[in-house]
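Protein chains: 2
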Amino acid sequence: MVAELISVGTELLLGDIVNTNAAFLARQCAALGLSVYHQSVVGDNEERLAEVLSEAMERSDVVILSGGLGPTEDDLTRETCARVMDMPLEEDEHTRRRIREYFSGTSQKEIPESNWRQAMVPRGASVLDNDNGTAPGLILEKNHKMLVLLPGPPAELIPMFQKKAVPYLRRLQPEVILSQTVKLCGIGESKAESRIQDLIDAQTNPTIATYAGTGEVHLRLTAKARGAEQAEKMFKPLIKEIRKRFGTAVYSLKEEETMEMVVVRLLKKYELTVTTAESCTGGMLAARIVNVPGSSEVFSQGLVTYSNKSKRRLLDVNKATLKKYTAVSKETAREMAMGGVLASDADICVAVTGIAGPDGGTEEKPVGLVYIACCIRESVVVEKHQFRGNRSRIRELAVINGLDLLRRCILDHYAGGGHHS
Amino acid sequence: MVAELISVGTELLLGDIVNTNAAFLARQCAALGLSVYHQSVVGDNEERLAEVLSEAMERSDVVILSGGLGPTEDDLTRETCARVMDMPLEEDEHTRRRIREYFSGTSQKEIPESNWRQAMVPRGASVLDNDNGTAPGLILEKNHKMLVLLPGPPAELIPMFQKKAVPYLRRLQPEVILSQTVKLCGIGESKAESRIQDLIDAQTNPTIATYAGTGEVHLRLTAKARGAEQAEKMFKPLIKEIRKRFGTAVYSLKEEETMEMVVVRLLKKYELTVTTAESCTGGMLAARIVNVPGSSEVFSQGLVTYSNKSKRRLLDVNKATLKKYTAVSKETAREMAMGGVLASDADICVAVTGIAGPDGGTEEKPVGLVYIACCIRESVVVEKHQFRGNRSRIRELAVINGLDLLRRCILDHYAGGGHHS
Numbered sequence: 001m002v003a004e005l006i007s008v009g010t011e012l013l014l015g016d017i018v019n020t021n022a023a024f025l026a027r028q029c030a031a032l033g034l035s036v037y038h039q040s041v042v043g044d045n046e047e048r049l050a051e052v053l054s055e056a057m058e059r060s061d062v063v064i065l066s067g068g069l070g071p072t073e074d075d076l077t078r079e080t081c082a083r084v085m086d087m088p089l090e091e092d093e094h095t096r097r098r099i100r101e102y103f104s105g106t107s108q109k110e111i112p113e114s115n116w117r118q119a120m121v122p123r124g125a126s127v128l129d130n131d132n133g134t135a136p137g138l139i140l141e142k143n144h145k146m147l148v149l150l151p152g153p154p155a156e157l158i159p160m161f162q163k164k165a166v167p168y169l170r171r172l173q174p175e176v177i178l179s180q181t182v183k184l185c186g187i188g189e190s191k192a193e194s195r196i197q198d199l200i201d202a203q204t205n206p207t208i209a210t211y212a213g214t215g216e217v218h219l220r221l222t223a224k225a226r227g228a229e230q231a232e233k234m235f236k237p238l239i240k241e242i243r244k245r246f247g248t249a250v251y252s253l254k255e256e257e258t259m260e261m262v263v264v265r266l267l268k269k270y271e272l273t274v275t276t277a278e279s280c281t282g283g284m285l286a287a288r289i290v291n292v293p294g295s296s297e298v299f300s301q302g303l304v305t306y307s308n309k310s311k312r313r314l315l316d317v318n319k320a321t322l323k324k325y326t327a328v329s330k331e332t333a334r335e336m337a338m339g340g341v342l343a344s345d346a347d348i349c350v351a352v353t354g355i356a357g358p359d360g361g362t363e364e365k366p367v368g369l370v371y372i373a374c375c376i377r378e379s380v381v382v383e384k385h386q387f388r389g390n391r392s393r394i395r396e397l398a399v400i401n402g403l404d405l406l407r408r409c410i411l412d413h414y415a416g417g418g419h420h421s
Numbered sequence: 001m002v003a004e005l006i007s008v009g010t011e012l013l014l015g016d017i018v019n020t021n022a023a024f025l026a027r028q029c030a031a032l033g034l035s036v037y038h039q040s041v042v043g044d045n046e047e048r049l050a051e052v053l054s055e056a057m058e059r060s061d062v063v064i065l066s067g068g069l070g071p072t073e074d075d076l077t078r079e080t081c082a083r084v085m086d087m088p089l090e091e092d093e094h095t096r097r098r099i100r101e102y103f104s105g106t107s108q109k110e111i112p113e114s115n116w117r118q119a120m121v122p123r124g125a126s127v128l129d130n131d132n133g134t135a136p137g138l139i140l141e142k143n144h145k146m147l148v149l150l151p152g153p154p155a156e157l158i159p160m161f162q163k164k165a166v167p168y169l170r171r172l173q174p175e176v177i178l179s180q181t182v183k184l185c186g187i188g189e190s191k192a193e194s195r196i197q198d199l200i201d202a203q204t205n206p207t208i209a210t211y212a213g214t215g216e217v218h219l220r221l222t223a224k225a226r227g228a229e230q231a232e233k234m235f236k237p238l239i240k241e242i243r244k245r246f247g248t249a250v251y252s253l254k255e256e257e258t259m260e261m262v263v264v265r266l267l268k269k270y271e272l273t274v275t276t277a278e279s280c281t282g283g284m285l286a287a288r289i290v291n292v293p294g295s296s297e298v299f300s301q302g303l304v305t306y307s308n309k310s311k312r313r314l315l316d317v318n319k320a321t322l323k324k325y326t327a328v329s330k331e332t333a334r335e336m337a338m339g340g341v342l343a344s345d346a347d348i349c350v351a352v353t354g355i356a357g358p359d360g361g362t363e364e365k366p367v368g369l370v371y372i373a374c375c376i377r378e379s380v381v382v383e384k385h386q387f388r389g390n391r392s393r394i395r396e397l398a399v400i401n402g403l404d405l406l407r408r409c410i411l412d413h414y415a416g417g418g419h420h421s
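Chains S and A, in that order, give the protein sequences. Taking the numbering used here, I'd label the letters of the first sequence as residues 1 to 421. Taking the numbering used here, I'd label the letters of the second sequence as residues 1 to 421.
Calculated from the structure, these hints are not laboratory results. Just so you know, nobody snuck in bad clues.
Treat identical chains as interchangeable: a pair holds within one or across any two.
In silico DSS-like pairs for lysine-lysine, Cα to Cα no more than 25 Å straight-line: (1) Lys254 - Lys224; (2) Lys365 - Lys323; (3) Lys309 - Lys323; (4) Lys164 - Lys142; (5) Lys309 - Lys269; (6) Lys309 - Lys268.
This one's a predicted model, so the numbers in the text were calculated from it and none came from an experiment.
Chain S on its own, in the form it takes in the complex (with noise of 0.2 Å):
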């Protein structure tokens, strides 16, 4: 099966915005084993974009639109596709009664009267809800052909495809290609590489594909099999002799699994609470584990101590080791740590102070030195880092080394120094 990806938009053309969805859905198509060969990109234009999506229906079995289907007049898409169909527009109860719904729960009292275009559907299409937004998703299949209409903001579109599109499209493949992610932290990508490379020269079916993200590395096994059962089954030495090589380092084993979900499944399986004591990172890391639902039976507080005079105040810091030894600083990292959970009631914290930039380097303290510690049961651990990027890559750096640092100090005390995460 082929399917081909039109993404609509004058904002693309004009080079406004990148094209991320277009990457998200071919990464998608791909591990339902549709054969991608064409993608485009076509402005609010009607006339231009009935020429596009022809061409396409010509060579593909599917095609993929996302944007244009917002309430303004240059939101042409859906009018565009059911005519190229031809299958008239009709007016959708169902989907009315959800544009309804979602402007009642928003202060906005008066529905603005473009809003209800968006409640007109193809006779005979299928109807996505969004969850995120008031333009419906729509699924139009007619003489073997099947077009499936996103909206385009990502916040709505990624959501709509993994919930409400993937099981259409899954129905048109029967042999599978089935992926299985294996997550690492704290080690590069080349180096994680060449740890397996001979596993990579030597797989074809799965094949062993490396990812690097930011501070971190997946490992992408992907199997063509008949059903997940037996994809299952090929995975499983596979990642067995991967966890031999990489301990710890291997977090996670889910796709959507983050590295501070695997935090908050830790402190909830051994019932422990922790704080954050920030400096450099300022606040992104409590926001990152208040990120995960269910967060509040393990996070109480969190400090941003951004001045000097605030770690003394908050986290009572030593005048002395601010002063001897500078905030960017083992000791000041310490004693973060330390305050912290003195400062609230949590059995761990972890703490983070670094030099971000870009300005504030040094020769001896230069931009992206950052120092990281966690106390655990009257223990602190600090680790030195050296990053390198602009600031807010410094900081995301430090937020996923700090999560890391926090997970491996949980497993060394609580799981027995055992490599099971």
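Use these hints to put chain A onto chain S, whose structure you have.
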């Protein structure tokens, strides 16, 4: 003049990489006054590339191709373009010399045989030297059509385009297209659009378009003009009219200026400091402020008080308030903001408390209910919001609206309630 982009590469079709080149080239074309109506992605496949290229040449004057100029066998762009343009390949002595020089500067002693393919140039083509790799760019001109071939890696493509390709393209188009952004917060896209529908309808040069961001709306004014000065003159009366209609909802006129940058700029201007007291946003608000370089002047500490206990301990929120009104209430938000000021030496405190979901909502207090308070000069403003979306979207909307409330409070108190950001 109409330009069109073709990105060549199987890694794009698989979604392994995001097509940032297309966004870069599109922006550059817009700035050069070239209209772009189509972008395509095609794999390293000679037949499909030739087909897409022929189509592009029919409808556009300039086709800019990126990728597929590498030394390996699956790099076919050079050969395919030469064939379609009927300009046979010949060895180029200048490029051979440059490849030899490139390798002499590296630790690699022997030049791989395959690299010599990169010295083959279509007869009559102009060579764009590559200062960051071995693949030269090419310009093929014939029958009033121009093909621009660029290497795929952004580190090679970007400098080559800017330094070597722009002079060729500028010859084609003396008029430029310039844009001006007007950023709004606290108003939905439909509502913003309906308020300026008359302007949108009336304007052809400059044009006005609306773009929705998370909690923000951006208006883009686009003018075709002989230069920056003329464009500016065309934007001026329009901006004045937009400001008149939206008042303080206009928070910036600079494309690259984020809400947190505006906030930090205003705090510096009035020599104020701010602190944060966050519940559901869990540190995100502080992190956004700290993301602005130089924010240490205006931000010293922030508190993440996720539990009731920590709200009492760190912010001195009344036990009775929490009991009577619960943690997500106007009253608690107010006390958090006042407590935040008292717990620090800051002039202002922004406090956020809400239900980010997916659990914790009730009929009376549903998921998405967020109270944001700002305490400034002993007066406290509290705003109630009902946001829609998943946990992460609700938190992001709370953050941008928190920053916006902070901005408006500063303006109200220090800019004489004036409408200047």
